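Trainee: All chains should be built: construct the whole structure from the sequences, respecting the hints.
In order, the protein sequence lines correspond to chains A and B.
Numbering of the first sequence is given in our numbering, commencing with residue 1 and proceeding in unit increments.
Numbering of the second sequence is given in our numbering, commencing with residue 316 and proceeding in unit increments.
With a straight-line cut-off of 25 Å between C-alpha atoms, the simulated BS3-like cross-links for lysine-lysine are: (1) A:Lys22 - B:Lys565; (2) B:Lys565 - A:Lys13; (3) A:Lys134 - A:Lys99.
Across the chosen pairs, the derived CB separations fall in these ranges: (4) A:Leu23 - B:Pro511: 56 to 66 Å; (5) B:Gln342 - A:Thr18: 41 to 51 Å; (6) A:Gln117 - B:Gly567: 23 to 33 Å; (7) A:Asn14 - B:Ile559: 26 to 36 Å; (8) B:Ile559 - A:Leu23: 26 to 36 Å; (9) A:Val303 - B:Gly567: 31 to 41 Å; (10) A:Thr76 - B:Ile488: 37 to 47 Å; (11) A:Lys13 - B:Met544: 53 to 63 Å; (12) A:Val236 - B:His562: 50 to 60 Å.
Please keep in mind that the hints were generated in silico from the structure rather than gathered at the bench.
All figures in this text were calculated on a predicted structure; none of them were measured in a lab.
By construction, the Cβ of each residue, glycine as well, lies at the ideal position given by its N, Cα and C atoms.
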Amino acid sequence: MTPADSIPALSIKNLRKTYNEKLEALKGISLDVMPGDFFAMLGPNGAGKSTTIGIISSLVRKTSGTVEVFGKNTDTDFSAAKKHLGVVPQEFNFSMFEKVEDIVLQQAGYYGLPRKQAEIQTEKYLKQLSLWDKRQTPARMLSGGMKRRLMIARALVHEPQLLILDEPTAGVDIELRRSMWDFLREINAAGTTIILTTHYLEEAESLCRNIAIIDRGTIVQNTSIKNLLQQLNKEVFIFDVKGNLQHLPVLSGHHVAQIDEHSFEVEVEKGQSLNGVFAQLTAQQIEIVSMRNKANRLEELFVAMVNANKNEVQS
Amino acid sequence: MTASEQWIAFLTILRKEIKRFTRIWIQTLLPPAITMILYFVIFGKLIGSRIGEMSGFSYIEFVAPGLIMMAVITNAYANVSSSFFSAKFQRSIEELLVSPTPNYIILLGYVMGGVARGVAVGLIVTVMSLFFTNLHIHHWFTTLFIVFMTSVVFSLAGFINAIYANTFDDVSIIPTFVLTPLTYFGGVFYSINLLPEFWQQVSVLNPILHMVNAFRYGMLGISDLHIGMALVGLTVLVAVLFAIALHLLKTGKRLRA
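Mentor: So this is what it looks like as C-alpha cells:
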C-alpha cells in the first residue's frame with residue numbers, strides 16, 4: 001500500500017444538514033471510502049443519501065462537518081477536490097435542447113480540459129456508453145436509458161478518480177442495467193473509486209464490496225457486504241409443488257407456511273442442509289417442481305436494520 | 316484551477332452562450348431587426364419628416380443612436396436572464412456548480428454572452444439604420460465604451476434577475492415594467508430639453524437617459540447632459556452589480572439547497 005492509497009477517496013466527518021432550521025436531514029454522519037472501492041450507500045427514501053451526495057458535490061450547503069476528496073477539503077481546496085470528483089445525479093440535469101456531444105464537451109471545458117483533449121475524451125466515453133451514433137442528437141430526443149448513459153459519460157469526461165452515482169439504474173430496463181453494471185465494474189477495475197446509491201439491493205450485492213446503510217440521517221451500518229450477509233442467520237425458500245398442495249407438509253426443525261394452493265415456504269437456518277427437507281418432502285409424497293429464494297438476502301437485512309432503527313428512534 | 320484552465324472554462328461558457336442565441340436566431344436576432352426597421356420607417360421617415368430637426372439633426376439621425384441603444388439594452392438583458400434562468404429551471408446549471416470553475420468565471424462567461432448578443436444586435440440594427448440614414452461616429456472611444464459598458468450593466472442585471480426568479484413570469488416582469496418605461500423615457504425619441512424643467516430634473520434620475528445621451532454624443536457629438544457622469548456612473552454601476560451578482564453566486568442564493 002502506497003501512502004497515497006492510505007488517503008481515503010472520500011472522508012466525511014460529522015456531517016450535519018438541517019433544512020430551514022427544522023428538518024434535520026443528516027445528524028452527524030462520518031464515513032471513509034478507500035481508493036479503488038466499490039461502495040454502496042443504501043437507505044429508504046428521505047434517509048439522507050441524496051443530501052450527502054449534494055453536499056459532497058457542493059449543490060447542497062452543509063450545516064457543519066467536513067468533506068475531503070482524496071485529502072482535499074471541499075471548503076478550503078474546492079477546486080482540487082472537485083477535479084477528483086464526478087457526479088451522476090438522480091434526475092436529469094442537462095439542457096434538453098443541446099446536442100449530446102456539446103453537453104459532454106462543455107463539461108470537459110468546465111474542468112479546464114483543452115479542446116483537443118476534451119474532444120478525444122468525449123469520443124472515448126460516448127463510444128464506451130454506446131452514444132457516439134447519437135452525438136448530434138438533441139438530448140430531449142434520447143430515450144430514458146440513453147439520458148442516464150449521457151450523464152455517466154458527462155461525469156467521466158474529465159476522468160475523475162471518484163465517481164458518485166445517485167441511483168443510476170432507476171427506471172432502466174434489465175438489459176441496460178446489466179450492461180451498465182458491466183461498464184461500472186470495468187471502470188472500477190481500471191482504478192476509479194465508485195460510490196453508488198441504489199434502491200435495488202441486488203445491485204449493491206452484485207457490484208459493491210462495502211456498504212453503508214443510512215436511515216433518518218444516521219449511518220446504522222458501515223461494513224463489507226460479506227460481513228453484512230454473514231449476519232443473516234436464516235433464509236426462506238419457496239417450493240412449488242406438482243399439482244395442488246393437498247396438505248401442508250410437516251418438516252421437523254423448520255417453520256413451514258402455505259403461500260397458495262401450489263406453493264409453500266420453508267425457513268432454513270444458516271448452515272442447515274436442504275437434503276433433510278427434500279428427504280422429508282419425498283417421504284410425504286410431495287413432488288417439488290421448482291424452488292427459489294423468497295427475497296433478496298440483503299433486502300431482509302436492510303429491512304431488519306431500518307426497522308430496528310425506527311424502533312430505537314421511537315423508544 | 317490554473318489561469319489557463321479558467322480561461323478554457325470561460326471560453327466554454329461564452330461559446331455555449333453564443334451558440335445558444337445564434338441557434339435560435341429567429342427568436343433572438345431577427346425580431347430586433349424587424350422592430351427597428353418599423354421604428355425607422357414610422358418614426359424616422361413617416362412621422363420624422365413632419366417633426367423636422369432635433370438638436371440640429373434630422374429626426375431620423377437623432378433617433379437612430381437611441382434605437383441602437385434600446386436594442387442593445389433589451390437584448391443584453393434578455394440573453395442572460397433567459398439563458399441563466401433556463402439553466403436553473405432545467406438544472407443544467409448544476410453542470411457548472413459541481414465543476415471547479417470559480418464563481419467569477421461563471422459570471423464573466425454569462426455576462427460576456429449577454430454582451431455578445433447585445434453588441435451583435437446593436438450591429439444588426441446599425442446596419443439596418445444605414446438603409447434609412449447616414450451614420451457618422453463623432454467620438455469612437457465614447458461610442459464603443461458606452462455600448463460595451465451598457466451591455467455589461469444590463470447583462471449583470473439580467474443575471475441577478477435570473478437568480479431571484481422562480482418562474483418565467485419573474486423573468487419578464489422587469490423588462491416589461493421597468494426596462495421598457497425607463498428606455499422610452501430615456502431620451503430615445505426626444506431631447507430632454509423639450510421637457511418642462513421639473514420633468515427634466517426627474518429624467519436625470521433615469522440611468523438609461525445618461526447611457527442613450529452619451530451614446531448619441533459618441534455618434535453625433537451632441538449632448539443634453541454631462542458625458543463624464545455617464546462614463547463614471549456606468550463604471551460604478553458595473554462594479555456594484557458585479558459585486559452583488561458574485562455575492563449571490565458565492566452564497567448560492569436560490570442555486571444551492
